[in-house]
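So you can see what is in the structure, the chains are spelled out below.
Number of protein chains: 2
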Amino acid sequence: MSSVFSYNTRDLKFILKEWLPTEEIFAYDKFKDYYSKDDIDMMVDQVHKIAAEVIAPCADEMEEHGVKFEDGKVICAPGATKVFKYLQENGWGTSNIDENAEGTIPEVVFCSLMEMIQAACPAGTSSVGLTTGAARLIQNFGDEKLKQMFLPKMFDGTWSGTMCLTEPTAGSDVGDILSKAYPTDHPRIYKIKGSKQFITCGDGDFSENIIHLYLARIEGAAPGTKGISLFVVPKYWVNEDGSLEDNDVVTTAIEHKMGLHGQPTAALAFGDNDNCRGWLLGNPPGPDGRAEGMAQMFVMMNEERQGTGIMATCVAANAYWNAKNYCKERVQGRPMTNPKGERTQIINHEDVKRMLMLNKATLEACRAMIHKCYYYLDIAHNDPDPERRKWASGKVDVLTPICKAYPSDEAWGLIGESIQAHGGYGFCEDYPVAQAARDVKIYSIWEGTNFIQAQDLLGRKWTMNKGQTFQDFLKDIDDFLAANKGSVPELEKEFANLEKAMASYREIMMAMGGYLAEKKFGYLQVYARRILTATGQIYGGYCLLEQALIAYKRMKELGPDHYDYNFYYGKFLSAKYYLRNVVPYVWYIAELVKDGDSSIIDAPTEIFEY
Amino acid sequence: MSSVFSYNTRDLKFILKEWLPTEEIFAYDKFKDYYSKDDIDMMVDQVHKIAAEVIAPCADEMEEHGVKFEDGKVICAPGATKVFKYLQENGWGTSNIDENAEGTIPEVVFCSLMEMIQAACPAGTSSVGLTTGAARLIQNFGDEKLKQMFLPKMFDGTWSGTMCLTEPTAGSDVGDILSKAYPTDHPRIYKIKGSKQFITCGDGDFSENIIHLYLARIEGAAPGTKGISLFVVPKYWVNEDGSLEDNDVVTTAIEHKMGLHGQPTAALAFGDNDNCRGWLLGNPPGPDGRAEGMAQMFVMMNEERQGTGIMATCVAANAYWNAKNYCKERVQGRPMTNPKGERTQIINHEDVKRMLMLNKATLEACRAMIHKCYYYLDIAHNDPDPERRKWASGKVDVLTPICKAYPSDEAWGLIGESIQAHGGYGFCEDYPVAQAARDVKIYSIWEGTNFIQAQDLLGRKWTMNKGQTFQDFLKDIDDFLAANKGSVPELEKEFANLEKAMASYREIMMAMGGYLAEKKFGYLQVYARRILTATGQIYGGYCLLEQALIAYKRMKELGPDHYDYNFYYGKFLSAKYYLRNVVPYVWYIAELVKDGDSSIIDAPTEIFEY
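Taken in sequence, the protein lines are chains A and B.
Just so it is clear: in the first sequence, position 16 is 16 by this note's numbering, and no numbers are missing.
Just so it is clear: in the second sequence, position 19 is 19 by this note's numbering, and no numbers are missing.
Keep in mind the hints are simulated off the structure, nothing from the lab.
Watch out, some of these pointers could steer you wrong.
It does not matter which identical chain is used: a pair holds within one copy or between any two.
Listed below are the simulated DSSO-like cross-link pairs for lysine-lysine, each with C-alpha atoms no more than 27 Å apart in a straight line [to be verified]: (1) Lys328 / Lys520; (2) Lys594 / Lys493; (3) Lys147 / Lys13; (4) Lys520 / Lys340; (5) Lys49 / Lys328; (6) Lys13 / Lys180; (7) Lys395 / Lys37; (8) Lys180 / Lys556; (9) Lys553 / Lys485; (10) Lys520 / Lys493; (11) Lys594 / Lys500.
Full structure from sequences and hints, please.
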């Protein structure tokens, strides 16, 4: 048994109750009659219990059983069904987006809940997240008929959903997909033909029907992304009377993956027998060949990107706490302060503390920025003031690629350190950290590789609204610095580092602007991922420093004998560590970007033969 | 089939023929009648062929079969035997250290050969490396009788060897082992009692007897490492007539590892039935309780540490070349310079080139420093001048922890990028990069964790001979800078960066000296691993820049149309990339060290609950 759920809720509660002004969110019409901030403890504790007692026990079974593909059928572990059904039937899944439902939970709170649930069984929960994304597309862009046909069963755990973008020959460049859609007599029903690959939860016996949200080009539409339309293509066609019939969707293979063994990743053939149909979402392409599919799919894609940030964070956080548990038990060596004394638990060694601190601080930064993003999402979805909705949307736009890529980039190294902290046991599958590494690697790849995220940040988010949205994003940090610098003498150096990093970041932007002006477009790629990392570090540093001010105040109020003191002291130290050891990386990156080394651009591809 | 051997020999030949003055080595008495520099191509090509045609085909079979443990017997894949026997019987293994043999190959050349062989089957070759280390201990410290009894069969592939240090409760702190040895009537034979864990190749059907080099404390010896003795404990006792009998060595478990599935890692019980005997190497403990075992074992340990550097480098290098192969085939997206043009192979995208370049440059730096270390080993073993032997030994002492830890630390992130370059396919076990990641993680842990290496560097290597050895090590770089700065205008910035990094490194040493003077011993741990990384980057940068000067000269001589031009241009660009993008990390580390953030030291362990 290698999976161990070891999640602590204190930072989640701190974020929801003490850091973010969630009372604003609870005050929205949608929530105000149902919940208040006072309910947060109850919700977090209840879901922690569900994660530990219902979800986590399925994880090992799913890992050991894996996914079997026999006689064209995809057979998952019983746990896959249990996780899916339990979450969907009990309101901890897709039904939370039901706009007609009462008592749905704010996104920012749901973010905390999903973090725990996904940590308990990373392979088992994408089925829920993808169903939610697919259902949201139908809810946003489908007509009443489609909503009636699909949503109730997607909300209640009868059916699941997927997103079908990637094809064997088109992943990152989705504009080059080959899938085609042909009109039929019914104006909204099209014949579908194409192959899709790497479809997460693309098939499986955990659900009775699988509703694929499918990108294809209608005959005659424009080339590239602008001509792509979005279809609802169920595995089994849903007749008017609700009965199901075969829809010519065939699973051709299941991937043998490095991790997430319990989660089916399918290659699917649609319409090989010319008998696959799908419902068009929205309008057919206009006379100019332009279609609506990509813009629609981005609603789901952005949602899955934010969700991927949660997944990377929670898998790494669970590995960190497992490392902590091991280091508290394992006796080895003597403390440096007393080399002739008794042997000690290795958690007392400074290098072990360093590995734990790097994890703790970085993961708290990731958790903070992701929750902030979901907080803005709640405003963007619910605020009565359209200006404020727009303002919040801008924040979400900027934060989405950062929240997807920064945690999923860092997780690989962080889990590497959690393995390292276990010594030789970390390399053994009896302990949970090896699997955490195997599971986590996909998050930097799927939903748009982290390079795609970096391109999105630099190419789109830096420049949207003539750059104003991103300037506002930076101004939040400037304003925070101006308002709080000097307020806590013990954090003087930390404030100075963030201020210096901000200056470095603006140098990075200037230098990139210079390269573009000189038409040195290659640099946009060469530095993109490093700049995304620097952006995550600045924003993470800002969030942690803001949290540290609250923690510092609470430390003074409570005093060191209070049971909760060490939590606040830990928050204070996380900020110190991160601002002093991680944020300076931003000025290192600034030096590299300003230097403008051209070795990558100059390199003929032949040199990589050697 | 996931394992693909895709190794290029050009950099190995460059190192052996153009960079290192191996003619000095070939001129030593031991080699001069047998080989010269002219034989390098033949040896490298022959072993490349062996690696590709004999060794690599065993890798998948070993991975799939794994290691079975049934009825107390350890059953390996047939390939495990094939690899072991082939290398040992054909002179590509342990017999190369036979000091009585003729025609053995210099260590520095053997390093190149092992790099290829290990890349072809990482799980299959530790059996050879450990047999070599064990045989060397018997050769160095055994009497004639022991040598006669064990060495011939260890040289010819009949028997294998292991190193038995780690116990269930003592890994990094080997001084706390519980294994005991009790005198018998025979002055050199002791009764052995104890449990050992994580013993690589500790049992298996690939060899007819397993010769354990075993650390234990003779009753009455001093506590800690100084009282430990070293024993030769065969799995089957070897009688005077050469017959074998049971020696009460029982395998109690086989580890289920994240990677290296074909390699048996055993937990062993010695003398549970009071019937296990071992031969003492060297002398029993003196009247002060001091024993010779640790000093002896360090001969093997250092050898395995250097070997671990090769393993980490070659697993990552093979992953890099596999990524290159994939990126040459995979068509996706359009070039930035022609966004409306034809789709292109992804190797033409700058971010993909960045991932490949980071791999190429870093791995060439690792390969260079490791070969340099083996070059010094040849001098230390063979030079007629004792002063020069001592000088070379000092270099080996400093380079050993760097060559073990720097490559094995970097490999995790580098292979992460090789996975990333594969997109979704990188997460699938059908491609070889996922397994490379799973295999490589142990190298930062075994043979002394990389923190142990960093402690060795700072605590021992910085200070040995009153610091002179390390000052000489740095002076090599200073001398290189003084002699060559300004010689190639195109490398002006690269020289300047190395010079600046050297200044930063001395600031690091000063700052650490300051902390020690203030008795802030915790900082020795807090910064150790980052300082080791900085040391590797400085030394790697020095090696690559030295190589770039040669490459630059050859580029000018050959001109761009020569078939070998791109190799030299690639070397030149590797140096540029590394000195401009990696070496500046040293001054980032210097800032952190000088800052002296105390968050880790201040942290009560309770904060990691959150």
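Hints, one by one, checked against the model:
1. Lys328 / Lys520: between (52 Å within a copy, 24 Å between copies)
2. Lys594 / Lys493: Both: 25 Å inside a chain and 13 Å across chains, each within 27 Å.
3. Lys147 / Lys13: The answer is neither: 35 Å in one copy and 67 Å across copies each exceed 27 Å.
4. Lys520 / Lys340: Answer is between; shortest inter-copy Cα gap is 17 Å, intra-copy 61 Å.
5. Lys49 / Lys328: So Lys49 and Lys328 pass the 27 Å test inside one copy only (24 Å; across, 49 Å).
6. Lys13 / Lys180: Classified as neither: same-chain Cα gap 48 Å, cross-chain 52 Å, threshold 27 Å.
7. Lys395 / Lys37: Within one copy only: 23 Å inside, 64 Å across.
8. Lys180 / Lys556: neither (64 Å within a copy, 54 Å between copies)
9. Lys553 / Lys485: within (15 Å within a copy, 54 Å between copies)
10. Lys520 / Lys493: between (37 Å within a copy, 20 Å between copies)
11. Lys594 / Lys500: both (16 Å within a copy, 17 Å between copies)
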